Every structure is written in C-alpha cells, then in structure tokens.
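Protein chains: 2
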Amino acid sequence: MKYLGIDIGGMSVKCGVVSRDGSLLFKDAAPIRAGEADTEIVKDIAALAEDVLRKSGTDKSEICGVGIGCPGSVHDEKGVVRYSCNINFRNTPIVDMMKSLLNVEVVKVSNDANCAALGETLFGAGNGAENSVLVTLGTGVGTGIVVDGKLLTGNCSAGAEGGHIQINIGGATCGCKKRGHYEAYASATALISQVSEACAKHPDSLLAKYALEHGVDGKTVFTCAQMGDAVASETLQRYIEYVGAGLVTFANIFFPEVIIIGGGISNQGESFVKPLQKYVSENVYGAEYNPEIKVVAATLRNDAGIIGAAALCF
Amino acid sequence: MKYLGIDIGGMSVKCGVVSRDGSLLFKDAAPIRAGEADTEIVKDIAALAEDVLRKSGTDKSEICGVGIGCPGSVHDEKGVVRYSCNINFRNTPIVDMMKSLLNVEVVKVSNDANCAALGETLFGAGNGAENSVLVTLGTGVGTGIVVDGKLLTGNCSAGAEGGHIQINIGGATCGCKKRGHYEAYASATALISQVSEACAKHPDSLLAKYALEHGVDGKTVFTCAQMGDAVASETLQRYIEYVGAGLVTFANIFFPEVIIIGGGISNQGESFVKPLQKYVSENVYGAEYNPEIKVVAATLRNDAGIIGAAALCF
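Just so you know, the protein sequences line up as chains A and B, in that order.
The first sequence lines up with residues 1 to 314 when you count with the numbering used here.
The second sequence lines up with residues 1 to 314 when you count with the numbering used here.
Please note that a few of the clues may not be correct.
Chain copies aren't distinguished; within one or between two, either way the pair holds.
[Claimed, not checked] Straight line, CA to CA, 16 Å or less: simulated EDC-like cross-link-like pairs of lysine to aspartate or glutamate:
{"no.": "1", "residue 1": "K60", "residue 2": "E213"}
{"no.": "2", "residue 1": "K177", "residue 2": "E282"}
{"no.": "3", "residue 1": "K177", "residue 2": "E288"}
{"no.": "4", "residue 1": "K178", "residue 2": "E241"}
The hints are simulated quantities; they were obtained by calculation from the structure and are not laboratory data.
Note that this is a predicted model, so its numbers are computed, not measured.
Based on the sequences and whatever the hints tell you, model everything.
Structure follows, in structure tokens:
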C-alpha cells in the first residue's frame, strides 16, 4: 500500500511516495506560485503529484490516498483551506479540487504542523507513541498534538494553537498582540530578543562581543555558553525554563509518552533537550506515580511533513 | 437500556440508575468507611448498588454496565485506583472486585472529575457537545476534558491535570508546591486569599468591614461588588482575569464547543460566567474565523458524577 504525501510551503511544495510503514520511497519538489489564483496553485500541486508518480514508476492504482499538509487555517473535515498567510488560499476546497484533478477517491488535508506531528509521532522521534506533543520552536511556536493515535484538531480544526497558551500573565507581547503567551518566550524570535537584551545589559560579556562580531541567531547563546560565558549560560538557562514551562503545561494536560522538539533550535541536540528533559521530569504533576515523559528532538526534519501528510490517510 | 452510575466521595458514595439518554431514574447514597481495608470499602459500594437495584425495582439483567467515578489517581484501562487521598485505596483493582461482587460483565472506572465532565458534556451544560472542558473551581482546580466525545486521560490516565498548568511563571505557590500554577490563582481557596489580601490592604473598604463581620468565603467578593464596593469590584475583576487566562489556554489548545464552569463559585451564575465569556471571546486565538466558544455554568450539580460514571459504559 502506497500513499502520496504533499507538504505545501510558502516557497515550494514537496511531494513524496510513502509506504504504509512510513518509509519515504521517492520525493520531489516544485516552486509554488503563491500569489496566483488558488485554482492555478492547486493545478501546479496536482501536476507535481502526477510527476512524482511518473518519476517514481508508481501506478496511480497503487495509491490508497493522498494527504496534504498546508500552512494556515485548515478545516480538516470540510477539506478546505480557510486562510493561509503566505499563499493565496481563501476558503479553497483543496480536497475536492485535488480529487477531481488527480481522479482519486481519498484526499485529506490538515495544517502542516499537524502533519509534521503525526509523521514524527508515528515514524520519527515518537517511535509509534499513541500520545505526543510536537512543539516547533521557530519564528513562532507551533504545536501538533496526537491523542490516542489521532490528531487533536478541536472544533472546526481551530485547536492545537499551543503557541498561544498563557504562561506569564501580563508579560511579553506575542505575535498575535496578546500578552504573556508561550510564543513570546519560547520561539527562536523570542530567544534572539532575550540574547540581544542580555548583550545590551552586559556589553563586556563574551556573549555581547561575539554577537557584535557574528550577529545574533538561534545558535549564538549555545555557542557562547559552551565557551564558558556566564551571561550566555544564564540567558540560556532562563530560556530553557521558559520553554520548559510550556512543556510542563502540555505534559500536565496530555501526559503524553513523548514530547518532541522541532524547529531550528532542536538541532542543538542534547545540550538543549537534556535540560528540558530534566525540567519536565522535575515539574510534571504526578511524576512519582507514572512513567517518565520523554523529551526528544525531532528526527525526520524536512520529511516529517510529507510522511505525516500521507499518514492522514492511514 | 439501563446503567448504574457510582460516584465515590470521601464521606459518602452515591449510586443511581441511569438510562441511555442520561436520565437519572433513581438514586441513593451510603456513608463510606474511608479508612477501612479497600476490600471492605468496595463491599459496601457493591451492597449499595444491590440496594439501589432492589429499591428501584431494576432487575440486574436490565443493567448494561456499571460505571464508577473515584477521586484520586485512577488507571482507567487497568481498572485500578492507584491512590486516593481521603479513601484507603492503594492499587485497588476496583473493576475486577466489582465485577466479581456484583456478577456483572461491564464495569468501568475513571477519575470523578472526568466522570463529571462526561456527564455535564453529554447531558448537562454541554448539551451533547463533542468537545468540552469542565473546569471545577473548588479547594483546588479540577479539569475534565472531552475530545471527540471521549474523555481525554493521557498515558496511564495521568493527564487532564489542568489545575497545574503554568499561567504565571514564578508566581503564587500551588497546593502541589510548584509556583505559578492555575490552581494557585483560580481556585476558591485562591479567591479567598485574594479577598483577604484586599481586605488587609484596604481596611476601610466595605469589603473589609463585611469580611470582618461575616468571614470570607467564595461568595464574599460577589456580594460586596454587587453592593457597589470598588475594592470588591477590582478584586473580582482580577480574579476573573486569572480564571479567564486558564480558560483561554484550554480554548487555544482544544477549541471546544463549550467550556463548563463547575464548583461552588459557578453558583454565582451570570455575574461570574458572563464576564468570563467576554474574556474568552476577546482573547481566544482565531476568534474571527470560528464559532464562539460558549462559557456556561454546570447544570447537573451533584448528579453529574453519577450520570457521567454511567456514561463511561455508553
């Protein structure tokens, strides 16, 4: 049994042939004309899918379903992309359009973060867990949540917005303009602000000097902490507590087997994930009566979206 | 089709005959000998169940299942009460014990707050919603969460501990000893502390004088706010924002159709629920694209636990 997984992004769309055990057998990508009419965009996506079938030598009759991950607000049950920031989708009935263009019966769609969570949970870092939370630390904070092997989407697929949980009443302003949200403390963007503030406050620190020379990105504080700078270590420790606070909230609500950290910062590996594991284990409610919730870095990276999109049809 | 619902409490156990449409046909209660051996406690519970069948004229063959709600840490799948604060249950295999004592095939158990959530969602204030969060504001803060018509329990049934989400990093100390948890701000206990602090700060306020005369309970601040006292109004407004902060977190994660407020404070009705509704509607993420999440007071009161316990078997 084979499936197509399609991962739509603001710059390009990726498509792969995925087997029932989550193996990515073949993949290809094409640029996306994000500003065109949605009918044109979807035609391009269908053309890429046909292309992938041809290039991989897969007969369409072998395909049991086509799954699509798309950024933005997606109504899974209706098969509609209601709104996407960077792509010209507005109430686009992508499922029906793809069914008709590809002449296939089973097409499903979900938010791209959801698809990544499903892929990572079933076939990546989650190692087949039944319950997991994927927290992606990037420009913002995205979450994808799996409960009893199924994506949690909420009414009208409007849930799983874990970047906008309240962790610090009246605190830092979030991208959504409200205050005290997780994203305002735990995103890569927030980390960069925190590092910049620390540099301004401690201009003589190694961190400040390094930042002046190399600029600040998500790696800066890790590099300087490893070089033994106390300001960097403190800043990193505080960031870990911010990230941890949200993870504990998810842990206490879902008590999943695993929490998966995605996004560029997760590339820091053990130096980031290990202290987070410690924080969660020390702070989760009922730790003494229950198995430890594992905190791990995502492993499928860029393929999680394709594999997870295909898994919508499993 | 009829079911038995059993709601175990620290002082007494209640048992009722419940029909498939959630009607409570008959109920009775018995004291619980909470400190005895668990075998004795369970025998008493079984005796009450037999009693209820007899008194209600129900033949055991009519009963399709027996559901049990129990306070403490319950492992639903194993049918075991791992630990209960006020009742002498320690790894008590209550499901197997009741099956054997009552000679029935279907017995299920869950945490009592979960059962109340299921009852309220299906047959009470939730009005049959598929997704809901019941937040009970009492000595602590309990939550019961329904996702796609099923209770969210988490791995080993250790989840749904919504009283221990982080809402204010480094803030007030919770009953579990950690800081900044929802329970430390939103429980009735927390409200009483907040009122007492306000009284100490503003000894000339009507609130302080009223408190001195009548003592402080969960109603004090509502009464004095209605009497026009500014200190009471401010204190209440801040409490509503605390409660609201947690509700918005649940809303952003679950996007349920309904959030149900339980516990003594929910008796305040509209003067409490209406401002909470406003807070949630103004602060939930994606409000402009989605139906409003309703915030309502629980309606089944003391029967929610019995009806919800029975509903475990539906």
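Each hint, compared with the structure:
1. In this assembly of identical chains, the alpha carbons of K60 and E213 never lie at most 16 Å apart, being 54 Å within a copy and 80 Å across copies at closest.
2. In this assembly of identical chains, K177 and E282 lie within 16 Å of each other by CA distance solely across copies; the values are 12 Å between and 32 Å within a copy.
3. When the C-alpha separation of K177 and E288 is checked against a cutoff of 16 Å, the pair qualifies only between copies, where the shortest distance is 14 Å, while the shortest distance within a copy is 38 Å.
4. For the homomeric pair K178 and E241, the shortest alpha-carbon distance between copies (13 Å) is at most 16 Å, but the shortest distance inside one copy (21 Å) is not.
Of the numbered hints listed earlier, the single one contradicted by the structure is hint 1.
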